[in-house]
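Colleague: Based on the provided sequences and hints, a complete structural model is requested.
In case you want the letters, here they are:
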Amino acid sequence: MTDSEFDVVVIGGGSTGTAVARDCAIRGLKTLLLERDDIASATVGTCAGMISSGLKYSDEPDIMAMCSKEVMHFNHIARHIIMKNPILAPLLDLSDAASDSSYVDSYSAHAEEREVPSMLFLTPEASREIEPMLNPDIIASVYYEEFFIDPFRLCMLQTLDAIKHGATVRTYCEVIGFDISNNNDIQGVVFYNRVTGTTEKINTKLVINATGPWAHKVAKLSGENLDIRLNKGAHVILDRRVVNVGITVKAIDGRWIYLFPHENTTLLGTTALDTWEDPDSLVASFDEIEYLLQSIQTVLPSIREARIIRTMAGIRPLVPEWKRPEGKVTRGYRIIDHSENGGVKGLISFTGGKLVMCRHMAEAATDLVCKKLGNTAACMTHKQALPGNDADVDVSALSKEYGIALHALERMRARRGTEMLKVLELTKEYPEWKTTICTCEPVIEAEIRYAIREEFPQTLNDLRRRLRLGTGPCQGTFCTFKAAAILSDELDLGGDDFLVDILDFRAERWKGIRQSMRGEQLAQEELTLGMYTCVANLDQSDVDYDIKPWEEGS
Amino acid sequence: MNEDEAYEYVKNTLKKELITPYHADELEIVKSVSCCINCGLCINHCPVVAAIGLDRFNGPRSIAVELSRSPPEYWSTADKIYLCTGCGTCREVCPKNVDIPEIVNLIRARIFEHRPDLVPKGFMLVKEIIAEHNLAFEPWVDREEKAESRDMRLERLGLPHIPDVVKKNAEVLFYPGCQAEERTQEVREAAKVILDLFAVDFTVLDEFSCCSLPSHLMGDEDSARNLAKQLKKKVKKLGVKKVVTTCAGCTSNLADLAERDNWGTPTYHLLEFLAEEIGFDRIKQALKEQTPSQSVHVSVHDPCHLIRHTSRRIMDYAMDILSLMPGVKVTESITHDSCCGGGGMVSYHSRDVADAVVKENLISLEETGAERLVTPCPLCTAQIESNLFKSGSSIEVDDLTVFLAQRFSKE
Chain W
0 MTDSEFDVVV
10 IGGGSTGTAV
20 ARDCAIRGLK
30 TLLLERDDIA
40 SATVGTCAGM
50 ISSGLKYSDE
60 PDIMAMCSKE
70 VMHFNHIARH
80 IIMKNPILAP
90 LLDLSDAASD
100 SSYVDSYSAH
110 AEEREVPSML
120 FLTPEASREI
130 EPMLNPDIIA
140 SVYYEEFFID
150 PFRLCMLQTL
160 DAIKHGATVR
170 TYCEVIGFDI
180 SNNNDIQGVV
190 FYNRVTGTTE
200 KINTKLVINA
210 TGPWAHKVAK
220 LSGENLDIRL
230 NKGAHVILDR
240 RVVNVGITVK
250 AIDGRWIYLF
260 PHENTTLLGT
270 TALDTWEDPD
280 SLVASFDEIE
290 YLLQSIQTVL
300 PSIREARIIR
310 TMAGIRPLVP
320 EWKRPEGKVT
330 RGYRIIDHSE
340 NGGVKGLISF
350 TGGKLVMCRH
360 MAEAATDLVC
370 KKLGNTAACM
380 THKQALPGND
390 ADVDVSALSK
400 EYGIALHALE
410 RMRARRGTEM
420 LKVLELTKEY
430 PEWKTTICTC
440 EPVIEAEIRY
450 AIREEFPQTL
460 NDLRRRLRLG
470 TGPCQGTFCT
480 FKAAAILSDE
490 LDLGGDDFLV
500 DILDFRAERW
510 KGIRQSMRGE
520 QLAQEELTLG
530 MYTCVANLDQ
540 SDVDYDIKPW
550 EEGS
Chain U
0 MNEDEAYEYV
10 KNTLKKELIT
20 PYHADELEIV
30 KSVSCCINCG
40 LCINHCPVVA
50 AIGLDRFNGP
60 RSIAVELSRS
70 PPEYWSTADK
80 IYLCTGCGTC
90 REVCPKNVDI
100 PEIVNLIRAR
110 IFEHRPDLVP
120 KGFMLVKEII
130 AEHNLAFEPW
140 VDREEKAESR
150 DMRLERLGLP
160 HIPDVVKKNA
170 EVLFYPGCQA
180 EERTQEVREA
190 AKVILDLFAV
200 DFTVLDEFSC
210 CSLPSHLMGD
220 EDSARNLAKQ
230 LKKKVKKLGV
240 KKVVTTCAGC
250 TSNLADLAER
260 DNWGTPTYHL
270 LEFLAEEIGF
280 DRIKQALKEQ
290 TPSQSVHVSV
300 HDPCHLIRHT
310 SRRIMDYAMD
320 ILSLMPGVKV
330 TESITHDSCC
340 GGGGMVSYHS
350 RDVADAVVKE
360 NLISLEETGA
370 ERLVTPCPLC
380 TAQIESNLFK
390 SGSSIEVDDL
400 TVFLAQRFSK
410 E
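Listed in order, the protein sequences are those of chains W and U. Quick note: the first sequence uses numbering that gives the first Met the number 0, first residue 0, plus one each step. Quick note: the second sequence uses numbering that gives the first Met the number 0, first residue 0, plus one each step.
Check before you lean on any hint, since a few could be wrong.
Output of the computed footprint for chain U on chain W, the stretches with three or more beta carbons under 8 Å from beta carbons of chain U [what the hints assert, rightly or not]:
# : stretch
1 : 235-245
2 : 467-474
3 : 520-533
Worth flagging that the hints you see were computed from the coordinates, not collected in a lab. Don't be surprised by glycine CBs; every beta carbon is placed ideally from N, CA and C.
Modeller: Structure, rendered in structure tokens:
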């Protein structure tokens, strides 16, 4: 086989696509992953990162059981990017307690295998000791525990592991067509390379369509119809961990929403709206932001005083069950083999699924691929650890050895585990790379250089996904130029590319900031505006830059 | 599990996750620090950054936008967070008034609870002394020796001894602070001389105990809250209307505690008390009755705990009072309000940092040509005095209370 011959092409670099590519590669299949943008740049990049026990899905016991197993697998293969989140569900009246008692039992049924307690009941006094911001009128609260994963790093680690096992990964390659034989069999994939502006074609035996909210569009390229229910979800992101534990509450319409500490921010989410919007230009609406704030302030009356940094919005590719509310649609997934109903042969699509089950989905799809290709290798993705997971890291010792701040190293450890040593190694030859570039997260220059060299980013936004660059309270006000200079140096970019990348990054930040801009963030934006217009004169730049749909005027 | 067992379980899990829930009275601090816009103005004003550079101490801006954002990771700030002297310059220059000094204490409290192994060893010794004696300094073993030391100091300074009085329902509780109570006894005695001169109805504590600031600064929040509770009880029991102290740290800490814990008893630094309660007319009158002392050329150092943690007005009072004193010439040093490095318990583990911070003060102090430095804080006095001595300077240092008492006291 040459470089243009593959056993399987996986389309989509989200949580599912990267998991499939990893599974296929580990099982020895010649695998190509194509992603039209960057790894984790759409749905998974806008999720809260909760690898849920599935307690909301108590009427789907199989799915709850599967979720629990998957949580344990992640705790085994990716513990360095996982944190436990203790959660309180405060109850304001007895009807709150009575209406949903089923989830208490179904959550508790699998608690032991996840090594967490059954749901516990706490007095109002104890609840307010744990979270003093809680409404004094609560009558009790329910306590439970979930786990959170860094969704960006999960996708990146799955991708890096796939590459380690021989897979080829191509980002910024958008599939624009399929090569289909006369007997309706997919033989090749045609894609447009957005970096070089060229069209390429490769041959493959099978195609996995893991494109989430674009699944029906990609299927259509082969002439196939795929029914899917697209559903928008938005989050509001608050500066720092303003709550001591996660808080879940019934929203004003009876759905469950949450306020979860996540990394060094707090996430308030989420909404659920059937949507027909373009996933690329999706933004959170005023109504969504207000719905979330109105809902959470029933139990946290002072939440509006907290600083909102930005919003993020994404689209869930739900299983097409219609005429029922989003919350009643199965949280399971479907694997559609298009050949089964006389459709095109060699195309397998996903609908549904959740972050927690991405590995499971990949296993099921890869089993199908292997069956078709006569490969008998067993799935290993739940046994083999992801890169960086293999040992504990003594951050204190490394801090002393390399002379880098402890906190900067602890943040790096949470992204890379043992792999952080490779970053630190660079500082031996280049001690000046210990410089902090992003002051909020923080990120040092060596990690940026390492990520550019080893994790194939093309843009500052790609670096953000790999490093949390520019995701703090100042939203990249002070790191954009510095990081752009490093990127330009490493990728040998010209002056115009450098400026366009800065504008793109600012535009992407603005996409989330604009919708929720209020309170303390206004002061930040005032400063940012001053920096980028009055000092950097970017508003006067004549560089060739296309205004994004969410940017107004020129 | 019943509700009590459940609560214990949850507390245990939070401990494992290194989370100490924010206390209700800490929420304002958290809210304040989230207002940081990362402008970096504070970095150029931080005396520790100026003294040791950003590589060793990444400065107040980082504390706000980076180090204070995720409680489970507070332990990993231990290489930086103890280097803050708590001077409050950052908060003063901050366009958003971000309360850096208090978030530093909040973080230190979490490290103290969850990772005592990362707490500077020097703190543990202080913690033990406080636990045993309710004092930040090891007390005198022999009461008589203590009295002898006091009398020697008084004799050297030419101050009379005003015997201690403990009584209920006095107007004022004079609270000297640990350092004046056990070490620099002349400050304690000088204050009594001044209060006596102005016929203030005052008492001292029957059994002195620490105001809790050192525990608070170390992050030993349990001890801090205990000491605060203990002192409140004593103050309430005495039935005094006001607390007067000669220590800058006690002034700001007691003012904060009185507000947080609803003492209903205001705290004054002696300078404030003189200016606001005695009044300049009476001060002038008292000075007229004295035989003029020898003329003296002084410079003044402003303690952070007065100017930035309480009010800059207190040092204005100090200057006003000094201006009334015959024969006292005051020359202002350009670093008169710059931290001496003695705060934040930094000298207990990183003496080099504390001494690097005071260097600038010494240089500009020499430039004033003053023969004497006065400052209303026993801690600043000690820090500046020992560094002047080490540098071979001839400038002497007086606690301002002692300096005033000498000029007030009847020959």
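Colleague: Work down the list of hints and note, for each, if the structure agrees.
Modeller: These are the hints, each one checked on the structure:
1. Coverage of the stretch 235-245 of chain W by chain U holds. Counting CB-CB distances below 8 Å, 6 residues qualify, and the rule asks for three or more.
2. Only when three residues or more bring their CB closer than 8 Å to a CB of chain U does the claim for the stretch 467-474 of chain W stand; here the count is 3, and the claim holds.
3. Residue count for the stretch 520-533 of chain W with a Cβ under 8 Å from a Cβ of chain U: 3. That meets the three needed, and the coverage hint holds.
When held up to the earlier numbered hints, the structure conflicts with none and fits them all.
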